[in-house]
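S.K.: What follows is each chain in one-letter form.
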Amino acid sequence: MAEATQTGAAAGGGLDLSEIGKDLAITALLGAALFGSTIAFKTETATGGLSLVLRFESAFFVIAAVVVGRLILLLTVWRRPTGGDRTFVPQALQLRYADFLAKTGKAFVPIVLLFAVVFPFLPFTDRYLLDLGILILTYVMLGWGLNIVVGLAGLLDLGYVAFYAVGAYSYALLAQYFGLSFWICLPLAGILAAFWGIILGFPVLRLRGDYLAIVTLAFGEIIRIVLLNWYNFTGGPDGISGIPRPSFFGIPFKRGEGGFADFFGLDYSSIHRIIFLYFLILILALITNFVTIRLRRLPIGRAWEALREDEIACRSLGLNTTSIKLTAFATGAMFAGFAGSFFATRQGFISPESFTFIESALILAIVVLGGMGSQIGVVIASVAMIGGFEIFREAEQYRMLIFGLAMVMIMIWRPRGLIATREPSIFLKEKKAVSADMVAQGEGH
Amino acid sequence: MADKKAPLLTVEHLTMRFGGLLAVNDLSMTAYRGDITALIGPNGAGKTTVFNCLTGFYKPTEGRITMHRNDGEDFLLERMDDFRITKNARFARTFQNIRLFGGMTVLENLMIAQHNPLMRASKQTIGGIFGIASFKRAEKEAIERAEYWLEHINLTQRADDAAADLPYGDQRKLEIARAMCTGPELLCLDEPAAGLNPAESEELNKLLLFVRAECDTGILLIEHDMNVVMGISDHIIVLDYGVKIADGTAEEVRSDPKVIAAYLGVEDEEVDAVGHEIEETAAEVRQ
Numbered sequence: 001m002a003e004a005t006q007t008g009a010a011a012g013g014g015l016d017l018s019e020i021g022k023d024l025a026i027t028a029l030l031g032a033a034l035f036g037s038t039i040a041f042k043t044e045t046a047t048g049g050l051s052l053v054l055r056f057e058s059a060f061f062v063i064a065a066v067v068v069g070r071l072i073l074l075l076t077v078w079r080r081p082t083g084g085d086r087t088f089v090p091q092a093l094q095l096r097y098a099d100f101l102a103k104t105g106k107a108f109v110p111i112v113l114l115f116a117v118v119f120p121f122l123p124f125t126d127r128y129l130l131d132l133g134i135l136i137l138t139y140v141m142l143g144w145g146l147n148i149v150v151g152l153a154g155l156l157d158l159g160y161v162a163f164y165a166v167g168a169y170s171y172a173l174l175a176q177y178f179g180l181s182f183w184i185c186l187p188l189a190g191i192l193a194a195f196w197g198i199i200l201g202f203p204v205l206r207l208r209g210d211y212l213a214i215v216t217l218a219f220g221e222i223i224r225i226v227l228l229n230w231y232n233f234t235g236g237p238d239g240i241s242g243i244p245r246p247s248f249f250g251i252p253f254k255r256g257e258g259g260f261a262d263f264f265g266l267d268y269s270s271i272h273r274i275i276f277l278y279f280l281i282l283i284l285a286l287i288t289n290f291v292t293i294r295l296r297r298l299p300i301g302r303a304w305e306a307l308r309e310d311e312i313a314c315r316s317l318g319l320n321t322t323s324i325k326l327t328a329f330a331t332g333a334m335f336a337g338f339a340g341s342f343f344a345t346r347q348g349f350i351s352p353e354s355f356t357f358i359e360s361a362l363i364l365a366i367v368v369l370g371g372m373g374s375q376i377g378v379v380i381a382s383v384a385m386i387g388g389f390e391i392f393r394e395a396e397q398y399r400m401l402i403f404g405l406a407m408v409m410i411m412i413w414r415p416r417g418l419i420a421t422r423e424p425s426i427f428l429k430e431k432k433a434v435s436a437d438m439v440a441q442g443e444g445h
Numbered sequence: 001m002a003d004k005k006a007p008l009l010t011v012e013h014l015t016m017r018f019g020g021l022l023a024v025n026d027l028s029m030t031a032y033r034g035d036i037t038a039l040i041g042p043n044g045a046g047k048t049t050v051f052n053c054l055t056g057f058y059k060p061t062e063g064r065i066t067m068h069r070n071d072g073e074d075f076l077l078e079r080m081d082d083f084r085i086t087k088n089a090r091f092a093r094t095f096q097n098i099r100l101f102g103g104m105t106v107l108e109n110l111m112i113a114q115h116n117p118l119m120r121a122s123k124q125t126i127g128g129i130f131g132i133a134s135f136k137r138a139e140k141e142a143i144e145r146a147e148y149w150l151e152h153i154n155l156t157q158r159a160d161d162a163a164a165d166l167p168y169g170d171q172r173k174l175e176i177a178r179a180m181c182t183g184p185e186l187l188c189l190d191e192p193a194a195g196l197n198p199a200e201s202e203e204l205n206k207l208l209l210f211v212r213a214e215c216d217t218g219i220l221l222i223e224h225d226m227n228v229v230m231g232i233s234d235h236i237i238v239l240d241y242g243v244k245i246a247d248g249t250a251e252e253v254r255s256d257p258k259v260i261a262a263y264l265g266v267e268d269e270e271v272d273a274v275g276h277e278i279e280e281t282a283a284e285v286r287q
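Just so you know, the protein sequences line up as chains A and B, in that order.
The numbering of the first sequence is this note's numbering, which starts it at 1 and goes up by one.
The numbering of the second sequence is this note's numbering, which starts it at 1 and goes up by one.
It should be emphasised that the hints constitute simulated quantities derived from the structure, not laboratory data.
Mixed in with the good hints there might be a few duds.
[What the hints assert, rightly or not] Stretch by stretch, here's where chain B covers chain A in the computed footprint (C-beta under 8 Å, at least three residues): (1) 127-139; (2) 297-306; (3) 419-433.
Bear in mind that the values here come from a model prediction, so they are computed numbers and not experimental data.
Note that CB positions come from ideal geometry on N, CA and C, so glycine has one too.
Turn these sequences into a full structure, and let the hints steer you where they fit.
M.R.: Right, dumping it as structure tokens:
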């Protein structure tokens, strides 16, 4: 069979009918040898011993299915030119795709941004879509935060959700015990999460590759389990409920006197608060993006990327890799902390169940799918992943299966993510995108 | 330029053991300011080990390594972290197998080498986020410095290409330029001519002579290419089995019988005589 595959692949671009005929004949022969014995003859227990049942018809259909399947493969997938391109997509289509991306790329970002701003006021936008928008934006923000650690610094972090949890619990507990408002807790949650980022950073400084991934994974679980078991402080599995909702800079979203609607002379509607939350997360996400883009052009951002490329070379150039790694962990964690406190105020209730490993995996999938280090890639991937999850909500248990399959397809199709180029942080004459093939992926890949 | 023969780097009784293996045995040497010092020796003589001890990648078992900076300050390198050796002692190195940041552009590579001054100028990033003027000025200076080196290695045209895209010879030169961008007072090159064709190694010689002449930077190099070593070195140190067997100018070293025996090879009929000599040397060393 292996030989047959080779001849099939060697058939190359042209349609060689005799080659295909020969290949199919071999397939049929092998199929007959295999299925002829296993399917055509079947023994059944009958009274007084075994009886032989002949099923030539079934065997014939199975062999036919194999031959037809192989024919389809020969005519489609295996027809790609030998050597060179590793992906299954024809060269011409790839070129067109790159061209299309380059053309739309410039207009794409402003259009997406504009859409995000007017989205709550569009006629078809209802409560459900707004909630979905908020969810997607939360993951965009988390993706951008994780992108600093994984995409730029190249440190594989499988426990990112821990910082999200730290941010959420910081706000919930500070509000519960000290009655602090959301606007004071937001920066505090960021600082606390960054602090935990540094705490995680220290033990993993010397770790590379798989070991780094395992320790960060464990860290994520430790935080969750502590939250689950420290009943007196965190409420354990009961979680924390009654977390204060955010106010419009002091004006609460409530019915009647002194409420948001009353203050601005509007009719009261519960959607006001949702729209406010939407803009809140939009602004938080845009701040994350702005800071990341800014940092990339500063020495620290360039040092993160250099760290991903070659740590030893970094040290030989006098870069303190310890502080560079710690700042990457702390900055990434800080944004997760912001997102976490937003999550707490939106939900009004948090429990350790919201911060399981699957969340970390989802955020990491968004970053990898989007193309490591690419900001707009994260947006596309979040919309695809979270939006896709919603579309396939009907399919229930098959949802994960469909997504697993989609991920596999995309990794075959575009192994370096949707946006597979790296934009240089500085240029002399002309900004040329660097192909991702040349970019190192850092530790743990 | 400061006094030509002032020591820049002194190595005293450097010994490096890996378990039972004695890789470097009681090596003492000096590199002088404004000199090109070459460290040569057959394969396995311990050259790269010495290098890794000097640059802090290994901690030597015994010995003292002192870097005398131009401003009169001394640094004991064997006690310093590897990145501080470059940052504070101004001692830069390149690698035998080129270690560029392949996915980053040529210009970015040169900018990363200027990380520490830029970091200071950006007030540890905080000022940089808000785009303070002093940072912009420092960044402009850093780009000018990068351009200066790009001109000298003839890569100005390729400044915005990925470093991994460059041909091998250019990558070597870029790595040297990148090390020079850290503003070193001593530049250590680990086999800079390895894999270069004769024309490229000629260019390399010119670049190294330029560094010595213009930048007030001493050079210490490990090299196999005798064209490079004999052509430009002011001072050659020969290692064999971790022991220093010769130390002097190119002429002195070339005519030293121990060196000829150990490194440059001998005629067939001399093998026995040289063999005795090696045994004697080994006996001396043991004592």
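S.K.: Which earlier hints turn out false for this structure, listed by number in ascending order?
M.R.: 1
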